[in-house]
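Whole structure, please, built from the sequences with the hints as guidance.
Per our numbering, residue 380 is the first one in the sequence shown, and the count goes up by one each step.
Please note that the accuracy of each hint is not assured.
Below, computed lysine-lysine pairings styled on DSSO-like, alpha-carbon distance capped at 27 Å [said to hold, decoys possible]:
#1 Lys659 - Lys680
#2 Lys659 - Lys619
#3 Lys620 - Lys680
#4 Lys680 - Lys670
#5 Lys655 - Lys491
#6 Lys655 - Lys680
#7 Lys509 - Lys615
#8 Lys631 - Lys619
#9 Lys655 - Lys631
Read the hints as simulated data drawn from the structure, not as lab findings.
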Amino acid sequence: MLAVIALGGNAFAREGARVGLPEEQWESVKLAAGDVADMIEEGFDVVVTHGNGPQAGLLAERVSDYLSLDMIDAATEGWMGYLIANALTNEFMRRGIRRSPVIVVSRSIVNKNDSAFQNPTKYIGPLYDKETADKLSREKGWVFRWDARGGFRRVVPSPEPMGLMELDLIRLLLREGYIPIAVGGGGIPVIVNGEVQGVDAVIDKDLASQVLANAINADYLLILTDVDYVYINYRKPNQKKLIEVTISELEKYYNEGQFPPGSMGPKVLAAIRFIKNGGKTAYIGPLGRAKDIIRGRIGTKIVR
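Structure follows, in structure tokens:
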């Protein structure tokens, strides 16, 4: 059984989608390492992916004069991949699991004519109040939108991932028994037109994880984030959690606009696409509870 475990960038951040101190980041990654180790002990082969929204936003705030977004994507792949790999190695040694993680800095192929370049939707960085968001918008030309978590966040272009340049390497690593850590932050967005060229964007890690999962014929897609369930009518009086849902029902809710495009929307869309393209089951639930999620104790299960 093969599972792709997609770790949310916000799940590694403090409240307000802010990157914590180094020791706080280590603590968050330990939860993820426990999830991966639990899945291996349950008999799964695993590929790990991760988000980078808070981390990319922090770097963009501090070094945007020196690094383009594709460079920031590459930097956060190394940053987060290093944290995850160390945490996995330590957890594996503690449990006696004879497996090794390998960081694959991945490039995701996109279409240079993707409409996303004219319609930024991907959240990066922390939550701001309106006054601060307006000030940054005037000073830097950044675009902000309201985040359901309770504030304004920067949004950037998020083109659709069409394929992965490192796919054969990831397959090889799996055959050899390694645990690949791949498509971090959705991968570095590149266009291939005679030569490979990076573009100024951030790819959604859940959609890239789905493309990867289907390409390697994964049985399960497990999206771990900072919420306990997928909800409809989120934060409204008639809010309802979805415990088990078919893709047809979930697609209906998605088309009704139940899931915001910059947060839960891509997770739901990734789950739908994964199963439509041959996957068995997808799960969306909280970081640190992978075993409970696949056993139905928490989280949303998406079935055919």
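May I ask which of the numbered hints given earlier this structure violates, with the numbers listed in increasing order? Violated hints: none; all satisfied.
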